[in-house]
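Asker: Now for the letters of each chain:
Protein chains: 2
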Amino acid sequence: MTDISKPRRRGRGARKLARETAATPRLPTIRYGIKPVEVVSADQLETIHQASLKILREVGIDFRDEVAIEQWSAAGAEVRGERVHLDGEMIEDLVARAPERFELTGRGPNSRFEIGLDTVAFCPTHGPPNIRDLEGVRRFSTIDDLRTVNKIVQMSPGFHMASGFAAEPMDIAVPWRHLHINHSSLVETDLATFGMTTGEERTRDSIAMAEIVYGSDFLRDNVVMLGHISGNSPLVWDSTMLEGLRVMIEAGQGVLISPFVLGAANTPADVAATAAQLNAEALACIAYSQLVHPGAPVIYGQYSVAVSMKSGAPMSGMPEVSLLNGIVGQLARRYKVPWRTSAAQSSGKTFDAQSGYESATSYMAGVTANANLMLHAGGWDEAGMVTCLAKLVADSEQNLMMATYARGVSFDRFDEALEAVGRIGPGGHYLGDEFTLANFEDAFFSPKILDYEAFETWELQGLRDMWERSRQHAQAVLASYEPPPMDDAVREELDAFVERRQSELSPDVV
Amino acid sequence: MTDISKPRRRGRGARKLARETAATPRLPTIRYGIKPVEVVSADQLETIHQASLKILREVGIDFRDEVAIEQWSAAGAEVRGERVHLDGEMIEDLVARAPERFELTGRGPNSRFEIGLDTVAFCPTHGPPNIRDLEGVRRFSTIDDLRTVNKIVQMSPGFHMASGFAAEPMDIAVPWRHLHINHSSLVETDLATFGMTTGEERTRDSIAMAEIVYGSDFLRDNVVMLGHISGNSPLVWDSTMLEGLRVMIEAGQGVLISPFVLGAANTPADVAATAAQLNAEALACIAYSQLVHPGAPVIYGQYSVAVSMKSGAPMSGMPEVSLLNGIVGQLARRYKVPWRTSAAQSSGKTFDAQSGYESATSYMAGVTANANLMLHAGGWDEAGMVTCLAKLVADSEQNLMMATYARGVSFDRFDEALEAVGRIGPGGHYLGDEFTLANFEDAFFSPKILDYEAFETWELQGLRDMWERSRQHAQAVLASYEPPPMDDAVREELDAFVERRQSELSPDVV
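From first to last, the protein sequence lines stand for chains A and B. Taken in order, the first sequence gives residues 2 to 511; the numbers are from the numbering used here. Taken in order, the second sequence gives residues 2 to 511; the numbers are from the numbering used here.
No lab work stands behind these hints, which were simulated from the structure alone. It is possible that some hints are incorrect.
Any copy, or any two copies together, can satisfy a pair, since identical chains are not distinguished.
Stated by the list, open to error - The calculated lysine to aspartate or glutamate pairs, modelled on EDC-like cross-linking and capped at a C-alpha distance of 16 Å, are:
#1 K311 / D443
#2 K311 / E454
#3 K55 / E90
#4 K337 / E93
#5 K55 / E79
#6 K55 / D416
#7 K311 / E442
#8 K55 / E417
#9 K311 / E457
#10 K55 / E420
Here the structure is a predicted model, which is why all the values come from computation and not from measurement.
Work out the full structure, taking the sequences as your base and the hints as a guide.
Answerer: Now the structure itself:
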């Protein structure tokens with residue numbers, strides 16, 4: 002196993018400074034101590050796997066991208082137009098090249114963590130075009146909102162990485178948007194992040210910006226950025242995403258490969274067959290990534306929701322989605338590729354009980370399936386249409402709790418604790434016991450946002466429900482924000498890059 | 002395996018009538034299709050098991066009950082005063098007598114279900130002294146409130162059984178309360194229920210009332226009632242509860258044996274050692290039940306929460322509680338005794354996001370640990386101080402979803418669904434496909450209380466959050482209430498019994 006405790010060369014004064022600065026306590030690499038739930042038997046898993054291979058061989062999959070088609074053709078795949086038919090052996094050989102684990106790092110202290118089959122990491126939401134702000138107003142999000150999200154992420158202990166487009170800055174013209182999204186997470190946070198990967202040119206911009214901050218030497222040897230490569234289910238990978246994939250992995254960065262499953266809308270109305278299709282999609286693109294660059298760090302992704310037949314809206318937290326999580330986890334472990342799921346996914350139109358039920362269901366479905374990257378684990382609500390700032394801090398706390406659960410049961414103090422049982426005996430109480438006093442703080446998680454006051458105390462304290470408490474907590478977190486140190490020269494270079502690229506890219510071309 | 006589909010003799014006209022009446026669709030016996038998460042290794046489990054035996058042997062456990070002390074003494078246990086020291090072999094021999102599965106039944110159609118190591122059943126909350134009513138007012142609960150709860154339970158499809166004291170009727174004098182609690186669940190519902198077991202006399206009343214409704218012949222051969230036998234942790238079983246246990250199982254009914262764990266307050270500040278202590282408590286009382294009546298139907302219970310060191314309040318939904326769930330599940334499967342956990346447990350002072358997070362965490366912790374009885378799975382909030390009527394119906398829906406998840410993945414339509422993948426092909430969509438049209442309703446759960454409308458639609462529909470939607474849903478359920486048929490003579494006998502016992506029991510003696 003890689004030793005991740007050893008500090009690495011970072012090359013610039015800014016990073017040295019950052020290392021020396023006391024900062025938000027960060028979750029370290031979290032290793033699973035719990036063994037995952039299994040939702041299908043080994044035989045059933047093999048049935049799904051074989052069905053995926055059959056789909057890729059007989060139905061085929063579209064790579065709507067000239068370069069990819071040429072590469073597949075050169076590799077000996079059967080290509081008819083945009084459609085590629087892949088045989089199982091080629092797929093399995095390519096997928097076997099993907100690493101079982103890799104590290105991600107930001108520029109901040111304690112920002113290095115591992116993503117592997119036995120670890121779990123938490124990343125906030127990405128994608129929503131709306132913000133639910135700290136006054137509870139729901140509106141289009143702006144670049145200022147994105148900065149606010151990133152500031153809260155930076156100051157919250159529950160996130161391993163920033164998510165890049167944590168809120169879509171709708172006030173920035175589309176051709177310029179990727180620059181500002183990258184800029185904000187690189188400047189407001191010192192964490193690893195998602196870089197924008199919608200097309201070759203924008204991805205090159207993302208890499209160039211990471212190089213300014215981290216230095217090109219550092220970037221060659223360290224993953225500081227992931228690209229989110231979304232599939233176009235059923236069975237299509239398009240050029241925009243594949244260009245992004247190539248640029249990211251050629252620069253030594255990582256990619257998250259996510260089929261986009263709207264159950265029964267772009268997959269069959271059947272859980273097992275949905276798994277077979279999404280697995281075919283994931284396998285084809287993971288294989289492609291390894292064709293482009295053997296050993297490239299990839300994460301087996303999937304965005305899986307059921308679809309409301311009433312409104313057409315995605316439904317997360319559904320039992321079928323939990324089952325899909327379980328299957329994908331079992332598949333990913335079979336392929337020895339780390340995998341991602343979505344946590345804290347909810348459809349509440351306010352930060353209400355529905356938000357809570359659905360979020361926690363998706364959290365627990367992911368962790369009990371031993372997911373390795375919990376995406377959207379912070380702020381997601383309204384089926385991904387809104388980033389809720391109050392929920393962002395509430396989810397950060399949930400992440401800490403999930404990490405505790407994931408780590409499992411410690412036996413380090415077991416014998417000592419049993420002595421206390423003998424000491425206290427039947428009918429006694431433990432509150433004043435030496436073992437309790439020495440260990441209760443570590444032994445049981447103590448939430449700050451969840452409230453455990455008696456009703457009467459809670460009443461006296463102003464009847465603050467979870468929305469109100471989270472909102473106030475988020476305000477306090479935001480007020481405590483300190484920008485992570487960045488060398489002035491680096492910052493100027495980064496700003497100048499954005500300015501130059503803006504002048505080159507017409508805001509009228511979408 | 003017992004054939005549970007075969008109808009049994011019920012003996013009275015009322016029950017025949019009930020069987021013929023169309024009623025609320027009921028969850029059938031739910032068998033797990035998912036394999037449980039394992040939070041400790043086989044070796045670690047053995048370590049905990051051995052620690053429990055060591056506690057029982059060396060520290061001992063108090064049975065504060067003369068009859069029990071005599072029985073233990075006669076059985077050859079080492080008894081010093083109230084303290085019993087038990088050796089491992091005796092414990093294991095006795096526990097081995099407990100059945101791996103048994104059936105419960107009510108008097109209603111489809112009210113028979115199985116509790117076994119491979120099944121899960123859902124029961125609403127019991128215990129709260131307060132109600133959060135349909136106007137959102139939080140106040141002491143009354144007998145009318147209890148009746149309302151039972152009416153909603155009767156009309157909700159997500160409950161296998163009624164919970165007896167689903168809300169404490171604070172307006173009834175304590176010596177009379179058990180009569181009215183039993184009366185309400187026997188009359189307002191046609192489901193199996195919890196009978197009151199606080200002491201010998203009250204438990205005899207519970208059994209007598211069940212005999213009136215079901216007939217004594219039926220009662221001898223069928224479990225219609227469970228007694229909830231709570232421990233007095235650490236390591237005490239008291240007379241009140243043990244008397245209840247004896248009366249229940251001598252009448253052929255079942256008991257739920259629940260150590261009452263307030264982590265770090267009445268157990269060591271250590272998860273594994275807490276498990277060892279609670280397991281010692283559970284083993285001792287399960288063993289005792291089998292000493293009293295070999296083969297008596299028992300459920301390995303446990304009420305486990307962490308305790309807030311700030312307010313002293315129980316904290317459910319905590320990661321340590323989820324881990325305890327996992328351990329108890331592994332232990333119960335080792336002993337081959339069905340086990341219970343608590344679901345839908347939350348501490349929200351309103352039905353807010355906290356209620357949702359904590360409820361869903363405890364639901365998922367229980368189901369992924371393959372719990373066999375999910376107690377409190379309906380209406381629990383405010384750390385068990387309140388029964389929330391709106392949450393009761395919301396949790397009923399969650400129960401249906403959890404049942405779907407628990408059942409796991411079906412492969413019945415897999416081949417047919419894969420044909421759809423070939424038919425649709427890359428880039429197509431499934432919504433109009435014949436397979437989708439034939440199967441989408443079954444394939445994906447469709448909630449009624451969780452909302453998936455777009456924000457704009459939701460706004461137009463009156464900005465109803467989950468509390469408001471659940472409240473309205475509960476009102477509609479209540480309005481649809483139809484009393485389950487009961488023979489007039491039976492009802493008169495039951496009412497007369499309550500009246501007679503009230504006249505015998507002074508309301509002044511608590």
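Asker: Run every hint past the structure and note whether it holds.
Answerer: Status of the hints after comparison with the structure:
Taking the shortest alpha-carbon separations for K311 and D443, only the inter-copy value of 14 Å comes in at or below 16 Å, while the best intra-copy value is 47 Å. For the homomeric pair K311 and E454, the shortest alpha-carbon distance between copies (8 Å) is at most 16 Å, but the shortest distance inside one copy (40 Å) is not. In this assembly of identical chains, K55 and E90 lie within 16 Å of each other by CA distance solely inside one copy; the values are 11 Å within and 55 Å between copies. In this assembly of identical chains, K337 and E93 lie within 16 Å of each other by CA distance solely inside one copy; the values are 11 Å within and 41 Å between copies.
Taking identical chains as interchangeable, the C-alpha atoms of K55 and E79 lie at most 16 Å apart only when both belong to the same chain, with a minimum of 14 Å there against 66 Å between chains. Within a single copy, K55 and D416 get their C-alpha atoms only as close as 54 Å, which misses the 16 Å cut-off; across copies the closest is 12 Å, which meets it. Taking the shortest Cα distances, K311 and E442 sit within 16 Å of each other only across copies (11 Å), while inside one copy they are farther apart (47 Å). In this assembly of identical chains, the alpha carbons of K55 and E417 lie at most 16 Å apart only when taken from different copies (14 Å versus 56 Å within one copy).
With identical chains, the CA atoms of K311 and E457 are at most 16 Å apart between copies only, with a shortest distance of 15 Å across copies and 42 Å within one. In the homo-oligomer, the alpha carbons of K55 and E420 lie at most 16 Å apart only across protomers (11 Å), although the nearest pairing inside one protomer, at 59 Å, exceeds that limit.
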